[in-house]
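Q: Sequence:
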Amino acid sequence: MNYRNPAPTVDIIIELIDRPGRPIVLIERKNEPFGWAIPGGFVDYGESIETAAIREAEEEVSLKVELIEQFYVYSDPQRDPRQHTLAIAFIAVAKGKPVAADDAENLGIFNQWDLPSNLCFDHHRIMNDYWNYRNYGFKPKIK
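For the sequence shown, the residue numbers in this note's numbering are 2 to 144.
Please keep in mind that the hints were generated in silico from the structure rather than gathered at the bench. All values derive from a computational prediction rather than experimental measurement. Keep in mind that the hints are not guaranteed to be accurate.
What the hints assert, rightly or not - Taking lysine-lysine pairs in the BS3-like style, the calculated list, with each CA pair at most 30 Å apart, reads:
1) 98 - 142
2) 31 - 96
3) 140 - 65
To be verified - Simulated DEER-style distance windows between Cβ atoms:
4) 2 - 136: 43 to 51 Å
5) 110 - 133: 16 to 24 Å
6) 96 - 5: 39 to 47 Å
7) 23 - 47: 30 to 38 Å
8) 112 - 77: 23 to 31 Å
9) 5 - 118: 29 to 37 Å
10) 138 - 83: 32 to 40 Å
11) 138 - 84: 31 to 39 Å
12) 76 - 47: 15 to 23 Å
All C-beta atoms, glycine included, are put in the ideal place defined by N, C-alpha and C.
Could you put together the complete structure from these sequences and hints?
A: Here is the structure:
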């Protein structure tokens with residue numbers, strides 16, 4: 002019997018705590034699907050999700066992050082056009098100057114009011130959920 006399972010991924014919402022307003026870091030993707038995205042990627046075999054999140058943050062934006070909380074899990078089968086994935090989203094903090102690396106063509110530092118409109122995957126939903134949580138304390142509701 003051949004099983005098809007979703008691939009686990011992590012997304013890391015990185016707050017820069019040494020900047021006013023705690024802006025977040027987004028990457029501009031080097032590979033398809035193109036656009037802006039929350040840093041993250043696939044969990045390697047034998048790796049915990051926490052280790053994957055720390056590794057992906059360092060690989061993509063050259064920052065050592067501290068994971069603050071596991072925020073939510075996003076599992077819509079259509080969230081990634083490449084394959085069925087489920088993303089465990091983390092909120093993390095970091096200090097320093099992020100640098101685009103690995104799968105990141107470029108990066109940007111954004112506040113809530115200046116997010117780019119061309120976010121990849123379901124990252125508009127994740128960012129809306131995150132800002133609602135940060136501003137009003139509302140965690141996403143299970144749908």
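Q: If you test the structure against every hint from before, which numbers come out violated?
A: Of the numbered hints, just 1 does not hold.
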